[in-house]
Amino acid sequence: MPHAPLPIDRVYLARSLSEPAFGADPDDLFFVQSADGRRSVVRLSLRTGLAHPVTTEPAPTGGIGYGGGLFAVRGERLVYAGKDGRLHGLDLASGRQRTLTPPFEGVAAPAISPCGRFVAFLAEQDARCNVFLAETGGGSYPTRVSSDPWYAFNPTFSGDGARLAWQEWGERDMPWDEASLRIARFAAPAGAAAGLHDLRVAETAALGSPRVSRSTPLFTPDGTRLAFTSDETGWRSLWIASSDGGNAARIDLGEGEIGRPDWVPGQTPFRFSEDGRALFVVRRSRSRDSLWRVPVPGGAAAEIPTAMTRIDALALRAERLALLGSSPTAPTYLATLDLATGREIPRATSAVGVIAEDSLSRPEVISWRTGDGADAWGVFYPATGPEGSGPRPTMVLVHGGPTSEYALGWYLGPFPDAQYFATRGWHVLCVNHRGGTGYGRAYQEALRGRWGEIDQDDYRSGAQHLIDRGLADRSRMVITGGSAGGYATLLALTRDPEFWTAGVSFFGIGNLHALIAGSHRFEVHYEQGLIGPLPQSGDLWRERSPLTHVARVRAPVLLFHGTEDKAVPHAQSVEFAEAVRRQGGVAELVSYEGEGHGFVREETRRDAAERMERFLERTVLARQR
Numbered sequence: 000m001p002h003a004p005l006p007i008d009r010v011y012l013a014r015s016l017s018e019p020a021f022g023a024d025p026d027d028l029f030f031v032q033s034a035d036g037r038r039s040v041v042r043l044s045l046r047t048g049l050a051h052p053v054t055t056e057p058a059p060t061g062g063i064g065y066g067g068g069l070f071a072v073r074g075e076r077l078v079y080a081g082k083d084g085r086l087h088g089l090d091l092a093s094g095r096q097r098t099l100t101p102p103f104e105g106v107a108a109p110a111i112s113p114c115g116r117f118v119a120f121l122a123e124q125d126a127r128c129n130v131f132l133a134e135t136g137g138g139s140y141p142t143r144v145s146s147d148p149w150y151a152f153n154p155t156f157s158g159d160g161a162r163l164a165w166q167e168w169g170e171r172d173m174p175w176d177e178a179s180l181r182i183a184r185f186a187a188p189a190g191a192a193a194g195l196h197d198l199r200v201a202e203t204a205a206l207g208s209p210r211v212s213r214s215t216p217l218f219t220p221d222g223t224r225l226a227f228t229s230d231e232t233g234w235r236s237l238w239i240a241s242s243d244g245g246n247a248a249r250i251d252l253g254e255g256e257i258g259r260p261d262w263v264p265g266q267t268p269f270r271f272s273e274d275g276r277a278l279f280v281v282r283r284s285r286s287r288d289s290l291w292r293v294p295v296p297g298g299a300a301a302e303i304p305t306a307m308t309r310i311d312a313l314a315l316r317a318e319r320l321a322l323l324g325s326s327p328t329a330p331t332y333l334a335t336l337d338l339a340t341g342r343e344i345p346r347a348t349s350a351v352g353v354i355a356e357d358s359l360s361r362p363e364v365i366s367w368r369t370g371d372g373a374d375a376w377g378v379f380y381p382a383t384g385p386e387g388s389g390p391r392p393t394m395v396l397v398h399g400g401p402t403s404e405y406a407l408g409w410y411l412g413p414f415p416d417a418q419y420f421a422t423r424g425w426h427v428l429c430v431n432h433r434g435g436t437g438y439g440r441a442y443q444e445a446l447r448g449r450w451g452e453i454d455q456d457d458y459r460s461g462a463q464h465l466i467d468r469g470l471a472d473r474s475r476m477v478i479t480g481g482s483a484g485g486y487a488t489l490l491a492l493t494r495d496p497e498f499w500t501a502g503v504s505f506f507g508i509g510n511l512h513a514l515i516a517g518s519h520r521f522e523v524h525y526e527q528g529l530i531g532p533l534p535q536s537g538d539l540w541r542e543r544s545p546l547t548h549v550a551r552v553r554a555p556v557l558l559f560h561g562t563e564d565k566a567v568p569h570a571q572s573v574e575f576a577e578a579v580r581r582q583g584g585v586a587e588l589v590s591y592e593g594e595g596h597g598f599v600r601e602e603t604r605r606d607a608a609e610r611m612e613r614f615l616e617r618t619v620l621a622r623q624r
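Just so we're aligned: the sequence shown equals residues 0 to 624 in numbering that gives the first Met the number 0.
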């Protein structure tokens with residue numbers, strides 16, 4: 000078959016899928032779908048294959064952190080977090096919808112009690128994020144369960160309705176720095192309460208330790224045990240305790256980590272079987288996910304084969320697992336896995352149109368030595384297409400966060416897309432620099448106080464590794480990324496002005512001091528852990544700001560930014576572009592009205608892709624002619 004580059008419409012028209020959950024009928028599968036800036040909860044019949052949105056107005060919107068934790072379903076009740084800052088309840092049998100709570104600044108992560116009459120949820124208001132309880136039938140004012148923590152995530156009921164657990168962390172930490180679990184015991188199980196006024200907390204226990212991150216509590220269906228993750232051993236691992244948090248024991252699944260940093264609520268990397276005798280767990284090792292069955296309370300774990308190499312979410316009902324994930328050549332899709340037969344059936348996909356799989360790149364996980372002798376990791380997409388066997392133009396992609404990771408998979412939709420450029424003759428290196436996740440707590444902690452320093456070494460040394468292997472063309476080297484990856488791009492152009500041929504920043508940070516004033520509350524102190532506390536480290540903040548060294552920029556730079564960005568204000572890109580131009584450099588700024596931190600409208604994503612490709616044609620590819 001002749002080579003066919005990935006068409007641009009496959010990228011900008013792609014949908015996003017998230018949060019699979021089974022309904023009362025095991026053949027009903029619910030999930031969140033987003034397309035062209037519109038989001039809805041979709042109900043899919045596994046018997047007929049028919050799917051339809053069940054939410055209309057207000058649209059589901061995650062209002063805590065970076066979103067996520069949009070809905071919960073139990074029986075014929077569906078509860079979701081609305082764009083208006085309220086929880087809404089939907090009767091799936093009658094279609095009747097009602098408002099369950101007054102408006103908050105943000106709501107998220109509803110969890111319905113086993114009896115179906117109560118819902119626990121997160122509500123952000125007045126510089127605090129608390130766990131509240133409300134009635135799924137409405138008619139009563141919510142009651143607060145937590146005690147005004149800085150942030151709380153992931154409330155979950157025990158299967159017997161006797162307890163409620165959640166995660167908390169303090170103002171100076173991010174949840175992956177230090178977080179504890181809170182376990183509330185009700186005076187009587189939820190099912191015995193006459194109403195919300197009768198659902199009282201008798202006592203609350205804490206499960207926490209200094210500089211340990213505990214996350215994602217989940218009870219067994221009978222409520223006798225509690226599973227969670229903890230990184231106290233140096234790796235984010237699976238633990239199982241008694242329902243009150245006592246007698247906790249680590250489950251050893253070999254090299255790798257269970258779970259990811261808590262940027263959004265609602266992420267759970269494991270699910271109990273309905274009889275509570277097994278846990279189904281996603282483990283990530285060297286950027287690749289695998290699925291495991293873990294007997295409870297003890298026994299040998301066994302890997303379950305799946306076509307996915309990145310697994311983003313799990314749901315379980317009877318002998319059927321729902322998996323949401325991707326592989327290097329299959330964009331994110333939703334599948335069901337029959338646990339008895341091992342048969343995996345795709346049910347929904349983020350992709351639009353037919354993708355020529357034969358033309359796609361086959362990525363691999365690689366590592367290299369950094370300039371200071373450490374190991375760094377990445378996912379390398381070798382170029383495909385007819386250019387020949389010589390060194391190729393090379394693109395270094397930097398993930399956001401920076402506490403995050405590129406996994407071995409393919410999340411079609413966000414731009415720049417590694418497959419898009421690989422099928423156009425570019426080598427693409429997605430760098431999992433030190434300070435990211437997936438390689439243990441020490442690897443993650445390596446960036447503390449050194450953001451903008453050792454990670455820059457990892458980008459440069461990764462690119463040099465490809466040059467030394469004869470793969471990358473030294474004269475055609477591009478760095479790009481979004482958010483923290485945009486910051487990395489701008490800083491790289493000032494630190495190594497002769498190394499990079501061009502840079503493309505998506506909603507990147509130019510001035511760290513100004514970011515403090517404009518950042519949203521979820522990460523308002525994040526950078527102080529990555530760079531140093533203020534005001535003591537003020538000089539270091541200036542030194543690590545790309546804007547401070549803008550006079551050193553030699554390579555052309557393209558900047559994209561949404562005017563409604565609440566995480567990195569639009570002014571960050573405006574200020575940097577203007578400063579480059581004042582000193583005679585080339586800086587192209589593209590602003591998108593109404594877009595936020597990440598572009599959701601199809602017209603925006605297409606425009607950004609086309610502009611970036613034209614920019615690289617002029618500034619990089621023209622050098623080969």
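In short, the hints are calculated from the structure, not lab data.
You may find that some hints are simply not true.
[Said to hold, decoys possible] Derived CB-CB ranges, DEER-like:
| hint | residue 1 | residue 2 | range |
| --- | --- | --- | --- |
| 1 | L620 | E574 | 26 to 36 Å |
| 2 | R276 | E75 | 36 to 46 Å |
| 3 | A550 | P6 | 34 to 44 Å |
| 4 | T223 | S146 | 21 to 31 Å |
| 5 | E231 | Q582 | 16 to 26 Å |
| 6 | A187 | S93 | 27 to 37 Å |
| 7 | T223 | T340 | 27 to 37 Å |
| 8 | A373 | G469 | 48 to 58 Å |
| 9 | P413 | H196 | 43 to 53 Å |
| 10 | T55 | P6 | 23 to 33 Å |
| 11 | A355 | S44 | 29 to 39 Å |
Glycine included, each C-beta is placed from N, C-alpha and C at the ideal position.
Hints and how they fare:
1. L620 to E574: 26 to 36 Å: holds, 29 Å
2. R276 to E75: 36 to 46 Å: Taking Cβ atoms as reference, R276 and E75 lie about 28 Å apart, which means the hint is violated.
3. A550 to P6: 34 to 44 Å: holds, 41 Å
4. T223 to S146: 21 to 31 Å: holds, 26 Å
5. E231 to Q582: 16 to 26 Å: violated, 49 Å
6. A187 to S93: 27 to 37 Å: Cβ of A187 to Cβ of S93: about 30 Å, so the range 27 to 37 Å holds.
7. T223 to T340: 27 to 37 Å: Between T223 and T340, where Cβ atoms are some 30 Å apart, the hint holds.
8. A373 to G469: 48 to 58 Å: Since A373 and G469 have Cβ atoms about 24 Å apart, the given range 48 to 58 Å is violated.
9. P413 to H196: 43 to 53 Å: holds, 46 Å
10. T55 to P6: 23 to 33 Å: With a Cβ separation near 32 Å, T55 and P6 satisfy 23 to 33 Å, so the hint holds.
11. A355 to S44: 29 to 39 Å: This hint holds: roughly 31 Å between Cβ atoms.
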